[in-house]
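Protein chains in written order, with the numbering used here: chain A, 1 to 262; chain B, 1001 to 1312.
One thing to keep in mind: the hints can contain errors.
What the hints assert, rightly or not - Derived contacts from chain B toward chain A, CB cut-off under 7 Å, selection only:
(1) Met1055
(2) Thr1059
(3) Thr1089
(4) Glu1093
(5) Arg1105
As the list claims (entries may be wrong) - Stretches of chain A that chain B covers, calculated by requiring three or more beta carbons in the stretch to come under 8 Å of a beta carbon on chain B:
(6) 69-77
(7) 142-152
(8) 178-188
Since the hints were made in silico from the structure, they are not lab data.
Just so it is clear, CB atoms sit at the ideal spot from N, CA and C, and this is done for glycine as well.
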Amino acid sequence: MSGLRAAIETELLKSRRSRVPWAVAIGFTIAPLVSGLFMIILKDPDRARQLGLLGQKAQLVGGTADWPSFLGMLSQAVAVGGAVLFAFLTAWVFGREFADRTIRGLLASPTARASIVTAKMLVVAAWSVVIAAWVLVLGLAVGAAVDLPGWSAAEATGTLAGTAAAAVLTIGLQTVTALFATIGRGYMPALGWAVATIAAAQILAVLGWGALFPWSVPALVAGAGGDQAGSVEIAGLVAVAIVVIGGFAATVTWWRRADQTG
Amino acid sequence: MSELVIRTTGLSKQYRGGVLAVDRVDLRVAAGEIYAFLGLNGAGKSTTIRMLLGMIAPTGGRAEVLGQQVRADATELWRRVGHMVETATAYPELTVREDLDVSRRLHGVRDTATVDHMIGQLGLAAYAGRRTRTLSLGNLQRLAIARALLHEPDLLILDEPANGLDPAGVVEIRELLRGLARDRGVTVFMSSHILAEVDLLATRIGIVHRGRLIEELDSMALERHRDRRLEIGARELDLAERALRDAGYQPYRRPDTAAPLLELRELGALDAPDEIAKLLVAAGTAPTHLALARETLEDHFMRLTGVDEAAA
């Protein structure tokens, strides 16, 4: 693909200089910190009340302060939070070219449009992977700092692997978010799409179709989904793959073929 | 005509909803020309420019640039074309230098010194380290022009290049474009609303109105517009024309005015209109209108597009 390397370099420069990826990283950092806070409260509710972390009359129902609960909470935060924050990142990387009207500089250029779309996708994926990894590493540090009981290396590895797989699937599904940012020529249609898929994923999971709905699958892989947790079917993973590839192909096609009037 | 750099044949664009933005436009722009594309808002200038750059697909006809049919992904073609479409834009989070560096990389220019060279050439040295979001409209315009020139293109397609520039900036850009055309043989295809500027810069002008190319003026026609002339009206215009010819003048009958007029361009007539009046009185057809005039490009454009009539 003509100019892919140049396109990646320029996308990396733009994202590094922008506040948006950093804001997403900071937003995601809240997940392990809040999970850690819950663990502190669950571990010693009386002390939490004394410290003002818990209201005098408040009662926490369910949950135990241990590593499995903490990692489970972290895993769900990555699966659900990732769907929002990775979509936000994707909406910005693609939608900003239309909102800022900088798209014109990318067209009629020796760098092929397919290279530009690919570079944007790769940069979104790279940022998302780094942010997800940072959250997991920070989570382990927070868990250790809180001194949670019940550590099992095998169980932790399994949970973290599931979380990482969920993050990868969520990142892949952003190809459709990119398509909406492209067709909608801005951030809002993409964000609207992200919100719609999160809502649909919840509803379909409740109705028992989550294992086959691509946007529900990452949460199931991460261990969320109540009774359906872990009930991932091959058909669901195939559906995710079809959506990822279809979203990418449609985005490239739109960049190459649609009239660019922005 | 030397090698054609832009050639369109029946180029048309009809948007969904039926709006015919560009209607069978035939353009021929030769190497080294500075061709100005004039038109009112919505006349079809930007749509034509976007079709020339492969940003919009025509619904009819064809466009060739530098001998190649225009396609969106004609990456080798775009290596030879610099462009600025409509308002100048930049990445707000990047500095001027970084923004130009993005363009340098995307255009495959290896020499990093090119960026600083363009910054100097476009008078942006004082702003090189500043984020583009802090730039004035004029400096943003300079940055956009620098981006268009960075890879030393053979063809420049510029939409309103003087937009937002102060008077000194307008002169600088005019001299820059003129120099590129003269010294490097760069072809410039530009649209503009600033008719006085076009008049000073362009070697050829195309006037587009309601999607159609309604007139082209070459350098000779442009020169004629710049010339002074003596306008003569008379009740018996044929008689007046004959009398003037007999006296050795070469009257030109204007077909495009509401009331028929004759024009004289001879210096003798321009310097002594009273003598012309005496001559016509002696011939038995006293002048009803005698005026020294110089039609500007703006006058011509307004008359051709009917804007003055609509305003009246």
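- Query: Can we keep the B:Thr1089 interface hint, with Cβ of chain A closer than 7 Å?
  - Reply: Constraint on B:Thr1089 satisfied, holds at 4 Å.
- Query: Are three or more residues of the stretch 69-77 of chain A within 8 Å, CB to CB, of chain B?
  - Reply: Per the Cβ count (0), the hint is violated.
- Task: Could you check if B:Arg1105 really has its C-beta closer than 7 Å to a C-beta on chain A?
- Result: Holds, because the Cβ-Cβ distance from B:Arg1105 to chain A comes to roughly 4 Å (cut-off 7 Å).
- Counting residues of the stretch 142-152 of chain A that have a beta-carbon nearer than 8 Å to any beta-carbon of chain B, does the count reach 3? violated (count 0)
- Item | Hinted contact B:Met1055 with chain A - closest CB pair below 7 Å | Status holds, d = 4 Å.
- How does the coverage statement for the stretch 178-188 of chain A fare against chain B, requiring three or more residues with Cβ below 8 Å from a Cβ of that chain? It is violated: at least three residues are needed, and the stretch 178-188 of chain A offers just 0 whose Cβ sits closer than 8 Å to chain B.
- Task: For the hint on B:Glu1093, just tell me whether its beta-carbon gets within less than 7 Å of chain A.
- Result: 4 Å, holds
- Any CB of chain A closer than 7 Å to the CB of B:Thr1059? Not OK, violated: B:Thr1059 not within 7 Å of chain A, min 10 Å.
Hints 2, 6, 7, 8, counting from the list given before, are not met by this structure.
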